[in-house]
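*Asks:* Turn these sequences into a full structure, and let the hints steer you where they fit.
There are 2 protein chains.
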Amino acid sequence: MTEFDLVGIGNALVDVVVQADDGFLAEHDLDKGGMMLIDPDRADFLYSKMGPATESSGGSCGNTMAGFASFGGCGAYIGKVRDDDFGKVFRHDMNAIGVTFRTPAGDGTSTGRCLVLVTPDAQRTMCTYLGAATELQADDIDGDLIKAAAVTYLEGYLFDPPEAKAAFVRAAEMAHAAGRKVAITLSDSFCVDRHRDSFVHLVDSHIDILFANEDEIMSLYQVDNFDDALQAVRGRCEVACLTRSEKGSVIMSGDEVHVVDAEPTTQVIDTTGAGDQFAAGFLYGYTQGRSLAESGKLGGIAAAEVIAHYGARPEVELSSLLPGG
Amino acid sequence: MTEFDLVGIGNALVDVVVQADDGFLAEHDLDKGGMMLIDPDRADFLYSKMGPATESSGGSCGNTMAGFASFGGCGAYIGKVRDDDFGKVFRHDMNAIGVTFRTPAGDGTSTGRCLVLVTPDAQRTMCTYLGAATELQADDIDGDLIKAAAVTYLEGYLFDPPEAKAAFVRAAEMAHAAGRKVAITLSDSFCVDRHRDSFVHLVDSHIDILFANEDEIMSLYQVDNFDDALQAVRGRCEVACLTRSEKGSVIMSGDEVHVVDAEPTTQVIDTTGAGDQFAAGFLYGYTQGRSLAESGKLGGIAAAEVIAHYGARPEVELSSLLPGG
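Top to bottom, those sequences are chains A and F. The letter at position 147 of the first sequence is residue 147 when you use the working numbering, and the numbering goes up by one with no holes. Whatever position you read off the second sequence (first residue = 1), add 325 for the working numbering.
Honestly, the hints are just simulated from the structure, not real lab data. The beta-carbon is built from N, C-alpha and C at its ideal position, and this holds for glycine as well. Wrong hints could be hidden among the right ones.
Output of the computed footprint for chain F on chain A, the stretches with three or more beta carbons under 8 angstroms from beta carbons of chain F [as the list claims (entries may be wrong)]: (1) 38-52; (2) 55-62; (3) 78-92.
*Replies:* Set out below in structure tokens:
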């Protein structure tokens with residue numbers, strides 16, 4: 001029995017969500033569906049060209065922690081904000097959902113933000129200014145939290161800020177030294193492209209539970225179909241959770257393989273956040289001692305909830321969607 | 326022909342919108358459906374008790390300007406923010422919707438915010454920390470804008486910060502000196518209670534176009550039914566626009582009286598913002614030289630759009646809803 005079920009480490013970001021059309025993406029050279037890193041000048045420029053927006057707490061791992069807490073899991077978060085309005089928003093929302101968040105605020109660059117352009121086809125195109133998230137350092141990794149959590153969960157986007165990558169390895173070592181598990185999500189295929197060698201090495205040497213979608217796992221092992229990726233990842237970590245949108249997911253652990261169908265959805269409004277919520281559901285099941293198949297189903301339930309509305313965090317208590325609950 | 330159709334003056338606020346239940350309102354002594362002014366300590370305390378929230382630009386008059394611009398009207402806004410994250414959000418959103426906003430940012434207290442608690446019955450209960458909005462002074466009233474706009478529109482909430490009340494009178498005098506019209510909305514019945522004598526005097530001496538809902542106009546003249554209020558306001562200003570939710574509106578000017586039915590709505594999700602958008606539609610029609618009855622209908626169209634979703638600003642281009650458009 002640990003104090004926390006899950007501690008997440010991620011880039012702490014506020015989402016600035018705006019409706020946009022394909023013309024806007026083309027005019028500003030933005031790859032639809034991807035996540036691009038941008039510098040502050042570019043962030044200011046794009047923001048000045050965007051329509052009226054809505055702000056809310058985001059960050060891939062932050063979204064996962066929100067889903068995890070919504071299922072009833074006991075979680076903590078490590079990430080870097082500044083003590084500005086957006087930093088206060090991020091901290092408030094973590095506290096409000098019952099996730100322990102005590103990483104000290106930085107006093108340098110402003111809280112990071114992700115400009116999220118939602119096109120009429122329900123896709124999200126993201127331009128991230130990392131801001132204070134780049135200041136997350138190995139010293140910010142709260143060893144007491146890591147040791148107190150059954151699983152440490154890391155987002156692949158952390159490989160973008162160089163200091164965070166070091167923090168990442170520190171966290172994995174601390175967790176394993178305490179006999180805990182380490183999980184990671186590859187985040188997106190562009191992120192895998194940027195850091196492929198590091199990710200391959202990391203999975204082999206530090207990761208127990210891997211989350212990836214079809215594009216990401218094919219990019220990681222540079223193969224051109226899903227089954228080849230499946231064979232490539234087999235045996236490289238304790239559990240691999242591979243998500244395939246409407247095709248559901250494949251969960252593998254040693255010789256055990258589960259093909260889990262997607263949950264039915266009534267509508268698809270905004271698809272991204274699905275991966276974050278799949279991880280939330282799977283990790284909730286896993287840390288509660290449920291089977292891999294059941295845990296995969298919980299991942300699918302959380303993903304189906306979040307794609308049915310705008311925004312990357314659940315709008316209902318996910319605990320109310322637990323089968324038989 | 327003027328450069329601007331409308332210039333609005335209001336408390337520049339960012340809305341912090343959260344779902345809440347009746348128990349939360351009771352526990353914290355909040356009057357459902359009203360707008361309470363709170364100090365920074367109370368704002369921090371309530372915020373710390375609230376669930377995860379979404380931030381977006383608000384302010385009654387700001388919402389009206391958003392609707393006005395969405396119809397295609399040419400507008401400007403005067404209001405006070407600080408140059409912090411929330412102030413930048415407010416300024417960005419004004420610019421993004423095409424409303425001229427050039428009031429210099431303050432360097433004192435932080436940008437004001439309105440904690441908006443949405444209960445399951447679709448009502449909004451608002452707790453406002455005015456912040457930088459209290460620093461709006463007579464000197465901030467941009468005479469060039471006032472002279473260049475056919476109508477100057479003021480929100481009643483401006484009577485809460487003392488300096489803003491003086492700014493308000495200054496604006497009305499400038500507008501009339503330039504041969505322009507002055508409009509006001511009474512904002513809410515609690516606001517009328519706080520400032521009844523000032524409002525009665527103001528309507529008699531400075532106002533051409535008055536917006537009020539049923540509760541507000543009955544409170545203003547301390548009568549207990551709508552018809553008595555109608556008789557009381559008659560002849561006191563050039564145009565009175567009285568809104569009655571699902572009963573539609575009554576528009577009066579001298580001997581001319583129009584009873585305008587409400588527009589049909591498919592769903593009612595979140596009712597406040599209806600008054601702000603009614604004013605937007607009416608003033609768009611009025612400044613385009615449409616009849617009072619047509620202008621009232623445009624008010625109803627804008628109100629019906631905004632109550633069908635969360636949030637106090639329109640989600641579609643209101644120009645697309647113009648009859649015959």
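*Asks:* Each hint should be assessed against the structure and marked as holding or not.
*Replies:* Here is how each hint holds up against the structure:
1. 38-52: holds (count 5)
2. 55-62: holds (count 3)
3. 78-92: That given contact holds, which follows from 5 residues of the segment 78-92 of chain A lying within Cβ reach (below 8 angstroms) of chain F.
Checked against the numbered hints given earlier, this structure breaks none of them.
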